[in-house]
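Please take these sequences and the hints and turn them into a complete structure.
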Amino acid sequence: MHIVILGNGVAGITAARFIRKQSSHRITVISAETEHFFSRTALMYVYMGHMRYEDIKPYEDWFWKKNRIDLQRAYVERIDFETKALFTKEGHNIRYDKLLLATGSATNKFGWPGQQLAGVRGLYSYPDLEYMEQHSQGLQRAVIVGGGLIGIEMAEMFCSRRIPVTFLVREQSYWDMVLPPEESAMASRHIREHGVDLRLATELKEIVDDGTGRACAVTTSHGERIECGYVGLTAGVHPNIGFLKNTALETDRGILVDSFLQTNIPDVYAAGDCVQLREPPPGRRAVEAVWYVARMMGETVACNICGRQLAYDPGIWFNSAKFFDIEYQVYGDVRAQLPEHQASLYWEHPEGRKSIRLVYDKSKGHILGFNLMGVRYRQEVCEKWIREQAHIEAVLQNLDLANFDPEFNETCEAEVVALYNRQTGQGLQLMQGRSPEAVGRFLKGLVF
Amino acid sequence: MKLSNISFSLANPHPRQLDGIQKLGLGLAALSLLLLIVALLGISLPSGGLTLAVAMGLLLAGMLIYARRTYLKGPAGIKNNGVWFSTLTNGGLWGWVFGIFITGFYVLLYFFPATLGLGADGAPNTGLVALFGPLSRLLKGQPASQWFMYGVLYTVAILVMGAKFAYKYRHNRYQLIRTGSVVFFQTAFAFLIPELMEGLNSNLAARWFDKDMKNMWPLDYDFFDKWHIDNMLNGGSIGLFMFVLGLLMIFVISPFLTYRYGKRWYCSWVCGCGGLAETAGDPFRQLSDKSLAAWRLERWIIHSVLLLSVVMTIAVVYSYLGVGPGKYYLTRRSFTWIIVGLMVGAGLVLVVLQRRYQRLRRNMVYIMSGLGALIAVVILINHFSGERDILFVKAASLRSFYGFYIGAIFSGVIGVGFYPLFGSRVWCRFGCPMAALLGIQQRLFSRFRITTNGGQCISCGNCSTYCEMGIDVRWYAQRGQDVIRASCVGCGICSAVCPRGVLRLENSSVEIAEPTSFIDFQR
Chain L
1 MHIVILGNGV AGITAARFIR KQSSHRITVI SAETEHFFSR TALMYVYMGH
51 MRYEDIKPYE DWFWKKNRID LQRAYVERID FETKALFTKE GHNIRYDKLL
101 LATGSATNKF GWPGQQLAGV RGLYSYPDLE YMEQHSQGLQ RAVIVGGGLI
151 GIEMAEMFCS RRIPVTFLVR EQSYWDMVLP PEESAMASRH IREHGVDLRL
201 ATELKEIVDD GTGRACAVTT SHGERIECGY VGLTAGVHPN IGFLKNTALE
251 TDRGILVDSF LQTNIPDVYA AGDCVQLREP PPGRRAVEAV WYVARMMGET
301 VACNICGRQL AYDPGIWFNS AKFFDIEYQV YGDVRAQLPE HQASLYWEHP
351 EGRKSIRLVY DKSKGHILGF NLMGVRYRQE VCEKWIREQA HIEAVLQNLD
401 LANFDPEFNE TCEAEVVALY NRQTGQGLQL MQGRSPEAVG RFLKGLVF
Chain Y
1001 MKLSNISFSL ANPHPRQLDG IQKLGLGLAA LSLLLLIVAL LGISLPSGGL
1051 TLAVAMGLLL AGMLIYARRT YLKGPAGIKN NGVWFSTLTN GGLWGWVFGI
1101 FITGFYVLLY FFPATLGLGA DGAPNTGLVA LFGPLSRLLK GQPASQWFMY
1151 GVLYTVAILV MGAKFAYKYR HNRYQLIRTG SVVFFQTAFA FLIPELMEGL
1201 NSNLAARWFD KDMKNMWPLD YDFFDKWHID NMLNGGSIGL FMFVLGLLMI
1251 FVISPFLTYR YGKRWYCSWV CGCGGLAETA GDPFRQLSDK SLAAWRLERW
1301 IIHSVLLLSV VMTIAVVYSY LGVGPGKYYL TRRSFTWIIV GLMVGAGLVL
1351 VVLQRRYQRL RRNMVYIMSG LGALIAVVIL INHFSGERDI LFVKAASLRS
1401 FYGFYIGAIF SGVIGVGFYP LFGSRVWCRF GCPMAALLGI QQRLFSRFRI
1451 TTNGGQCISC GNCSTYCEMG IDVRWYAQRG QDVIRASCVG CGICSAVCPR
1501 GVLRLENSSV EIAEPTSFID FQR
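As given, the protein sequences belong to chains L and Y, one line each in that order. At position 339 of the first sequence the residue is numbered 339 (the numbering used here), and the sequence of numbers has no breaks. At position 472 of the second sequence the residue is numbered 1472 (the numbering used here), and the sequence of numbers has no breaks.
For the record, the hints were derived by calculation from the structure and aren't laboratory data. A couple of the hints might just be wrong.
[What the hints assert, rightly or not] Now the stretches of chain Y that chain L is said to cover, found in silico as 3 or more residues with beta-carbon under 8 Å:
no., segment
1, 1073-1085
2, 1431-1444
3, 1454-1468
4, 1498-1506
[Said to hold, decoys possible] Using 27 Å as the maximum straight-line C-alpha spacing, the simulated BS3-like pairs for lysine-lysine come out as follows:
no., chain 1, residue 1, chain 2, residue 2
5, L, 109, L, 65
6, Y, 1140, L, 354
7, Y, 1073, L, 354
8, L, 21, L, 89
9, L, 65, L, 84
10, L, 66, L, 109
Here the structure is a predicted model, which means the values were calculated and not measured. Note that beta-carbon positions come from the ideal geometry of N, C-alpha and C, so glycine has one too.
Right under this line is the structure:
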């Protein structure tokens, strides 16, 4: 059987690896972007000089041949689902028995005047990075439009080259549609601490042409004109499915799939950013453009392609990011606006670069989520508490178990407990010691 | 643009506009270097220790000013911007220039000390060595040797670059404490205490033995040399203390600490070679080769060096033991049986531990216990056939071969000289027999490991890139697998540079991490 995977991002490559683990089918991975799989989330570090391109490739180049995964550099223009063939720009056609679409995302553009000019681009792909690099030479100022995770990464990238940055954020505070107000304020403060000209509640109105087809300035919703040589569009991404529109494949925002990641066409599957779940799991979005989601989908779809029925179950929500120097981790249900039935315990370090938030059910006291800034928590422990609906007080008393900060680092769990005691009049005590043995016992279910 | 471009950047990748304070700091350090070069050229400078004090003071002050300014200017965080753009740190032109400079210095130091000013046959020192004379006389009342000069420079390098490292990682307490530890052990144990002890026991000057309490066999490969044993045994209570401590370190203290904390207790907290690598070598850590091929090569070379050092030591000791009761408690006969016992015992321990923990590859255990058995058998054949040279090798020539190629060329010239080309741990990774021994212990029975945090890895590669030992940490992290590797020195940088908080150094044998894959393939 010949399995063709379109896209060599984390979804496609994870699927290829797991198909190989389970079978000896012929596997071909097609990509127009790069010859080898690389970590998309690490592109920023190449620009910043932390790593070279070859360092962000998670597998050495011999890996693919050894595992009999054929890599093809080609741009697929059209798919004939009837005859099961892909047609490339280069004029070849490739037959498949089963097809996995893992085409990823494309940058959102909202019809801004001037968005087609030179020096205006998003940051998603390797060519995007090359483009950014080429336009960095002699750059006097960059404007970034859109206050999400890619926007802040781009700001950090320009800062690393000492290129002045103006960061236009539509919201009242950085990423406040995802982060609760305090965390959002912390991130906003930190962005400014790095010298970024952060403009909150400001939208892009127009990108100005310098007369040669290049961007030279932007105007904002406040009518201000900002001179700049580069405009980074980072107002989110959407499934990259343009060439699949108006085919037999059912799409909406993304490629519609069932819980087995199967499309409406037999033997055609989809995974990763390009997917829209027909029935997303409770509390989850239908389109989730996240590294971890793509990886989990890649594993799931590999099973289904190999004939082992496995429904996609991403488990408890988790994500992570880094806002310049502040690491961010989230586990479970943490919303920007606290719903009526939820309560939240928020502790922030006096220096304002670390915080711990526990979200729990107001009436029953069940723990629902963890939001961490500048503090590392262990995923297995947090998930177990959430899954088992541990009581907030039980969690607090054992909070040490979750801490994953490096050895000797200042721990703040006692202060979180003290804060809770002050707020509620309780007298909870933190059980001292987060020895790995204790964590192991806890995870094996030997304590409460 | 080609993907393989080392310097990806088209835009000016070094916008490190140094400000006035940074320039001042670098300027002072450069002045200090100039003073050393002037001294090396034999141009006479004001003596009495003033020049030395000024030179070292300028270096310390200059680098402190530079590091403070560089790292305290912005918020605390990971400071790897532009590492791969600078030709000093990406293996480019300045890296080669610096590498050749250091390599050249080591060649002069080891093989042509006279060019550095060491006076031959009692003649007074000149040049660079003479510059360090006043400090040497102050500490121990003797003129400086090239090794004293080297010791001072080495210690100052660890101090200065240790301070720079501490500013760089000021947000990470593990790094601060660990750096404090290597600086302390170098300054006190490797430098001050031995030199002061020399001074206090001037009558022992002729009977020199190593007084660095943390330096142990097999890194200290001359520990069992006849002259060294003799000098220790005749060196009064200090000598006896060093002798007993040396044996305890090898057989008791070091295996125990490695069991508890991993080999990091030595390699990145105490060791002098490690100390220099972690401080002065830090800017070059990313240059280590992460490929699987390099790992294979590493295992062959480092274990060969360990084997060589064991065989060499056995041969050397055997060569000076008498056949009957004499100067030493040991005779050839008893020594033979001790070695046979050690080899057989170590082999048995290996097999038993392997059965219990399955930590080593089975082949590895067979090879190691096989080699041990081979050594035992050959020794016995030697013994019963009355052969003078144990293991059929000439002890003296083996010893000088080892001393030259491993002791001088590998650990000194290549080990430090090649920092800017192959990373800061070339010696520790490929050559150090001590690291090999501790590595086997770590792999076999230590509680130390690096645990991974659930499925949070994004495969970015920062951990692997900044691993000075060339471990592909990401390979483990993205699978959610604990890292238990013989070579890991526990520097903790992978954990520090991880942008997602995935890695943590732990002392525990509890299995916590679950594989990232949530599908059970063993079904």
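Hint by hint, here is what the structure shows:
no. : hint            : result
1   : 1073-1085       : holds (count 11)
2   : 1431-1444       : violated (count 0)
3   : 1454-1468       : holds (count 10)
4   : 1498-1506       : holds (count 6)
5   : L:109 to L:65   : violated (38 Å)
6   : Y:1140 to L:354 : violated (51 Å)
7   : Y:1073 to L:354 : holds (20 Å)
8   : L:21 to L:89    : violated (31 Å)
9   : L:65 to L:84    : holds (25 Å)
10  : L:66 to L:109   : violated (41 Å)
In summary, the structure is inconsistent with hints 2, 5, 6, 8 and 10 from the numbered list given earlier, while agreeing with the others.
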